[in-house]
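Protein chains in written order, with our numbering: chain A, 1 to 83; chain B, 1001 to 1083; chain C, 2001 to 2157; chain D, 3001 to 3157.
Read the hints as simulated data drawn from the structure, not as lab findings.
Where a beta carbon is used, it is the ideal one built from N, C-alpha and C, also for glycine.
Treat each hint with caution, since some may be false.
Facing chain C, a subset of chain B residues (Cβ under 7 Å, in silico) [unchecked claim]:
(1) 1008
(2) 1014
(3) 1023
(4) 1052
(5) 1056
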Amino acid sequence: MVIKYFSWIKEHIGKSEEQFELPKHINNVNELINYLNEIDEKYKLIFEKKEIIKIAVNKTYSSFDTNVSNSDEIAFFPPVTGG
Amino acid sequence: MVIKYFSWIKEHIGKSEEQFELPKHINNVNELINYLNEIDEKYKLIFEKKEIIKIAVNKTYSSFDTNVSNSDEIAFFPPVTGG
Amino acid sequence: MKKNSPLIKIKIQNEDFDVSAETKILHQKNTGAIVNFVGVVRGYDEKNNQLINSMTLEHYPGMTESEIEKIVVDCYKRWELTAVTVIHRVGNLKPSDQIVFVGVSSKHRQNAFDGCNFIMDWLKTKAPFWKVEENNKNKNWVSFNDSDNQALKKWAK
Amino acid sequence: MKKNSPLIKIKIQNEDFDVSAETKILHQKNTGAIVNFVGVVRGYDEKNNQLINSMTLEHYPGMTESEIEKIVVDCYKRWELTAVTVIHRVGNLKPSDQIVFVGVSSKHRQNAFDGCNFIMDWLKTKAPFWKVEENNKNKNWVSFNDSDNQALKKWAK
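Same shape as in the complex, but just chain A (with noise of 0.2 Å):
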């Protein structure tokens, strides 16, 4: 699995993407949040406003309840602002 950070978040976290073995029993987007949360401090303080972040899976606007495996790209960032 390939999990990608954008703006303050990616600053946050240090890098701009780090790539993991999924374990087999997290099946969707929050159960990663909470496996990640267990794994590092750094993790919690981008999840503890949940709400606010924003989820692309496979560079798709997702949800917290939405299926990930292995195989997939994740990406979390804050609210975006173009134009």
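Let chain A serve as the given structure and place chains B, C and D on it in line with the hints.
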């Protein structure tokens, strides 16, 4: 006085502009139109549908009761469309 | 706000115009948004269901410019614009020729959209221009569309 | 309707763009009206009341393009457009640099205005871009404006 014509009114009158001495008793656009109708049949065809004719006095949109004098420039034209 | 200063430019001309050059002029201090409208001569008259070979536009020199100027000065204040350019071509034009440019700049985007849209609605119904469409068979003075009059009503304050 | 055909062109790039060249591409068969929006980097942050020296934009390569493409294809049908171009710059930009171009053409003018205005409202609130404003003292990630979210609501069908 100068009278200018545009679009199909100009084509009907056969010229884009005419100059003539305004009789003293004519004080507004309505009286001018009645006067023109008297002197030549060609004006009647234009002014019989008076309500669609637009009027400018000295290059400003005006109406049938706008005052006119011999030093003014009057224009008669059909509805406009730019763009 | 002077006509033909960089902030308000109004031209009636035979020549074509360059959209990049005009956009640069609209880009003034405090400009955050520029909206340009370019009108193009179409080769088909939908109302009369016929092809068009060319179109000839006439205007009332002096009056056309001053009427446009009045409305542009109003818009300038109403939408807090940073610059406005109106270029309207006259003479003989062919299908696919550019016919009109309306460019508006503002601090914020919705004001630029609204200012530009309003000026176009106004030009369609109130600016002293007359158009005759020509093809092999006949010439046809273009009358206004009632839908254009309806369009202008949405701007009543 | 294929992306990056002459009819739908979507580019995320560091380079500047030329408004005349883009306008020519938008001018297709049946085009009667072209509306262009050009966004400009402003040198002042009104929310935080401070000057800006530069702004850096990042995007999500692949996702940003495909999300813009989806919305552009929707607009293309909804407003019967004849061509659409969206060019969004990324990287480091200075005040008064052009940042975004949205160009839309249609047979009729109101559809062109509405299509362009909608795409801009959507880009402001939904397109995956992030901006950081920099000055001598600090850097500041730009958050969205609630007024932009409100703006998008006017397009609910």
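Taking the hints in turn, this is what the structure says about them:
1. Proximity of residue 1008(B) to chain C holds as hinted, the smallest CB-CB distance being about 5 Å (cut-off 7 Å).
2. Hint status for residue 1014(B): violated, given a least beta-carbon distance of 16 Å to chain C, over 7 Å.
3. The interface hint given for residue 1023(B) is violated, since its Cβ lies 25 Å from the closest Cβ of chain C, which is over the 7 Å cut-off.
4. Proximity of residue 1052(B) to chain C is violated relative to the hint, the smallest CB-CB distance being about 9 Å (cut-off 7 Å).
5. Hint on residue 1056(B) holds. Least Cβ distance to chain C is approximately 6 Å, under the 7 Å limit.
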